[in-house]
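*Asks:* Each chain, written out:
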Amino acid sequence: MAIVELKKAKKSYGAVDIIHDVDLRIEDGEFAVFVGPSGCGKSTLLRMIAGLESVTAGEISIDGEGVNHVDPSERGVAMVFQSYALYPHMTVKENMSFGLRIGKRPKAEIDERVAVASRILQLDQLQDRRPSQLSGGQRQRVAIGRAIVRNPKVFLFDEPLSNLDAELRVATRVEIAKLHESLGNTMIYVTHDQTEAMTLADKIVVLRKGRVEQFGPPLELYENPDNVFVAGFIGSPKMNFFNGTVEKSGIVRVAGAEFPAPFSAKTSQPGSLVTIGIRPEHFDRDATPDATIDVLVDFVEHLGGTSFIHGRLADGERIIVERRDVGDLKSGKSIKAGFKMKDVRAFDAAGLRIR
Amino acid sequence: MLLPACAIVAFFLLLPFVLSFPMSLTNRRLIPRPVRFVGFDNYIQVLTDPIFWRALFNVTYFTVLVVPVQCGFALAMALLINQKIPGRNFFRGALFLPAITSIAVVCVIWGTLFQYPTGPLNQIIGFLTFGLAGPIDWLGNPNSSMPAIVLLSAWQAYGFQMVVYLAGLQGIPGDLYEAARLDGASTWQRFRFVTWPGLRQTNIFVIIITTIQAFKLFTQVNILTQGGPRDSTVTVVQYMYSVGFVGQKLGLASAVAIILFFIVLVISLVQRAVLRDPK
Ligand SMILES: Nc1ncnc2c1ncn2[C@@H]1O[C@H](COP(=O)(O)OP(=O)(O)OP(=O)(O)O)[C@@H](O)[C@H]1O
Ligand SMILES: [Mg+2]
Chain U
2 MAIVELKKAK
12 KSYGAVDIIH
22 DVDLRIEDGE
32 FAVFVGPSGC
42 GKSTLLRMIA
52 GLESVTAGEI
62 SIDGEGVNHV
72 DPSERGVAMV
82 FQSYALYPHM
92 TVKENMSFGL
102 RIGKRPKAEI
112 DERVAVASRI
122 LQLDQLQDRR
132 PSQLSGGQRQ
142 RVAIGRAIVR
152 NPKVFLFDEP
162 LSNLDAELRV
172 ATRVEIAKLH
182 ESLGNTMIYV
192 THDQTEAMTL
202 ADKIVVLRKG
212 RVEQFGPPLE
222 LYENPDNVFV
232 AGFIGSPKMN
242 FFNGTVEKSG
252 IVRVAGAEFP
262 APFSAKTSQP
272 GSLVTIGIRP
282 EHFDRDATPD
292 ATIDVLVDFV
302 EHLGGTSFIH
312 GRLADGERII
322 VERRDVGDLK
332 SGKSIKAGFK
342 MKDVRAFDAA
352 GLRIR
Chain A
112 MLLPACAIVA
122 FFLLLPFVLS
132 FPMSLTNRRL
142 IPRPVRFVGF
152 DNYIQVLTDP
162 IFWRALFNVT
172 YFTVLVVPVQ
182 CGFALAMALL
192 INQKIPGRNF
202 FRGALFLPAI
212 TSIAVVCVIW
222 GTLFQYPTGP
232 LNQIIGFLTF
242 GLAGPIDWLG
252 NPNSSMPAIV
262 LLSAWQAYGF
272 QMVVYLAGLQ
282 GIPGDLYEAA
292 RLDGASTWQR
302 FRFVTWPGLR
312 QTNIFVIIIT
322 TIQAFKLFTQ
332 VNILTQGGPR
342 DSTVTVVQYM
352 YSVGFVGQKL
362 GLASAVAIIL
372 FFIVLVISLV
382 QRAVLRDPK
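Chains as they are written, first to last, in this note's numbering: chain U, 2 to 356; chain A, 112 to 390.
Chain U extracted, bound-state conformation (with noise of 0.2 Å):
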């Protein structure tokens, strides 16, 4: 188990820089999840991690001890790819068992080890089969199989329920946080589907271009965002945004009607221009609204459970309204949706969170 320290890690491809000067610390037996759209750095941070990738400048440490020279194999940490990577030639077994044959341990420890992650993972029965023959979600758990024989500081995981349908998704996503639960290891995992990054981690690092846009637990970045991208980022469906501008001290204007800023007079002044978000699930909430935005709809979607009513603005805004009795409301119809000044973000013209 083990710290996981990042200072100032940066990643370059010839004149390409890929990742800026990341700063970061996991704690011992955390959770991380990095998260940010396609492209943004999120494997590339990881396989620095492991050693797969090389560091162009700053340090990565784990357990302490500076590891940017050190192989991936001496670093402690197992990694479960998104393909599996399962060797095709080899059993399960074997497969499980490689890393420790090839640092030539003793027999009994081998099948002990062996053992114990194949009946952690229920595949007691599959030992002698390859990967051919197995389904997917059985060759995700040998994958993860062979991470936990090796008994590392640190587990990586490289989105690695991608390939499941969902449903077998949703099951391995447990598994995985049962996991964690059991072992109390240090875990990153890399994804791009929020849900997950919400549902299993500590701490989220949102990254975007190659920089951490915020890094905190769930419920803090979602809550209190730094920024409109980890507000549009975090949630679903996305936090709505709309335009607005300062009136005079303490009032915002948003598609003509006013309200109470949402931040203190002195941070922004009158006449500038600022972004106001409010999540669809925030509307409606409460029988006594600090203030109302009239809507009109466009269309519902009915989830069962819950709505979602689409909608516009006076100024044509486009609006995502949370609901959960919407009635027979049709499309054309006008609707006061109501919130709370609490659940109000703003963000200013550049995007940062105004308080």
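Note that these hints are calculated values from the structure, not bench results.
Idealized CB from N, CA, C, for every residue including glycine.
There could be a bad hint or two in this list.
Here are some, though not all, of the chain U residues that point toward chain A, as calculated from beta-carbon distances under 10 Å [to be verified]: (1) H70; (2) P73; (3) F82; (4) Q83; (5) L87; (6) I103; (7) L157; (8) F309.
From the derived model, a few chain U residues whose C-beta atoms are all more than 10 Å from chain A [stated by the list, open to error]: (9) G67; (10) Q123; (11) L135; (12) D203; (13) E221; (14) F243; (15) P290; (16) D326; (17) D329.
Based on the hints, put chain A with the ligands in the right spot on chain U.
*Replies:* Below, chain A with the ligands without anything else, positioned relative to chain U:
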């Protein structure tokens, strides 16, 4: 769409092959003459000719040497040009050059290299051994003539195998190597446990193709040694050629062709069965 291709294949490949069987049962000659059915006489004559057996032995010897040398070299070069080295495309092109060079040109080049006693190869050997190893009469000595042919044949033809190996190497997923690195596998172990098993199908293909090619050895020998010295480089195809075109006995030559076909067929089938994944 397929019809023209099929027609061409049928007319130029299948038809001559099918026709050669009835021809092998006649005394047909190169010049037009009345043809007589002779049954299996031609086959008996071939199979009782010591030169044929010598040719078969030679070509087997050639194959046993050239397959590992040529495939091994091709694999080594494929591994080399599969690396991320600067000038990789230059090497890829340069290493493929011999394969597109006419075999006749290759023979002239190597004929010069092999010259006795002062050819470049002998000079290099003399230089490297401080004159201890005397000059070798590469093509003139029955002991070294076949190995010399092996050397030049492998050099000329490895490009094709190299390209096939390269394709095979690129078909092995890169993350297997990364997983093996994380598992602590050394470079050699990564080759042994990832590359080598990953090339299984490629190997089967390459070895069978090379074997078939080797059994058809002819041009090099015909240009450089004409089967000599002392029949040490006589090959089956060369035997067929001398019977058919020099001796003008087409029926007899057809019998040799049919026999060679079945030998190659059996060997390929056996190789495939042996090399196939046991599980
Ligand atoms: N070998 C390379 N040479 C140059 N650029 C590269 C190389 N590998 C990755 N990149 C670039 O680095 C950036 C980050 O890639 P990375 O694979 O880390 O993205 P990611 O966040 O994992 O995306 P995804 O969600 O699609 O997997 C991308 O813009 C990619 O084009
Ligand atoms: Mg990725």
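*Asks:* Against chain A, run the beta carbon of Q83(U) and see if the smallest gap drops under 10 Å.
*Replies:* holds (8 Å)
*Asks:* Non-interface claim for D329(U): all C-beta distances to chain A beyond 10 Å?
*Replies:* Non-interface label stands for D329(U): nearest chain A Cβ at 53 Å, farther than 10 Å.
*Asks:* Is the Cβ of Q123(U) more than 10 Å away from each Cβ in chain A?
*Replies:* With a cut-off of 10 Å, Q123(U) remains clear of chain A, as the shortest Cβ separation is near 22 Å.
*Asks:* Compute the least Cβ-Cβ separation between G67(U) and chain A, then decide whether it is above 10 Å.
*Replies:* Holds: least Cβ distance 19 Å, greater than 10 Å.
*Asks:* Using Cβ atoms only, decide whether I103(U) comes closer than 10 Å to chain A, and label the hint accordingly.
*Replies:* holds (5 Å)
*Asks:* A cut-off of 10 Å on Cβ-Cβ distance, and P290(U) was said to be off the interface with chain A. Does that hold?
*Replies:* holds (52 Å)
*Asks:* For the hint on P73(U), just tell me whether its beta-carbon gets within less than 10 Å of chain A.
*Replies:* Cβ of P73(U) sits 5 Å from chain A, so the hint holds.
*Asks:* Is the nearest CB of chain A more than 10 Å from the CB of E221(U)?
*Replies:* The claim holds: E221(U) sits with its nearest Cβ about 32 Å from chain A, beyond 10 Å.
*Asks:* Quick check for students: does the CB of F243(U) sit more than 10 Å from each CB in chain A?
*Replies:* holds (44 Å)
*Asks:* Under 10 Å is the threshold here; is the Cβ of F309(U) close enough to any Cβ of chain A for the hint to stand?
*Replies:* Hint on F309(U): violated, closest Cβ of chain A at ~39 Å, above 10 Å.
*Asks:* For the hint on H70(U), just tell me whether its beta-carbon gets within less than 10 Å of chain A.
*Replies:* With a closest approach of 15 Å, the H70(U) hint is violated.
*Asks:* Holds or violated: L157(U) as interface residue toward chain A, Cβ cutoff 10 Å?
*Replies:* Cβ of L157(U) sits 9 Å from chain A, so the hint holds.
Violated hints, listed in ascending order, are 1 and 8; each of the other numbered hints is respected by the structure.
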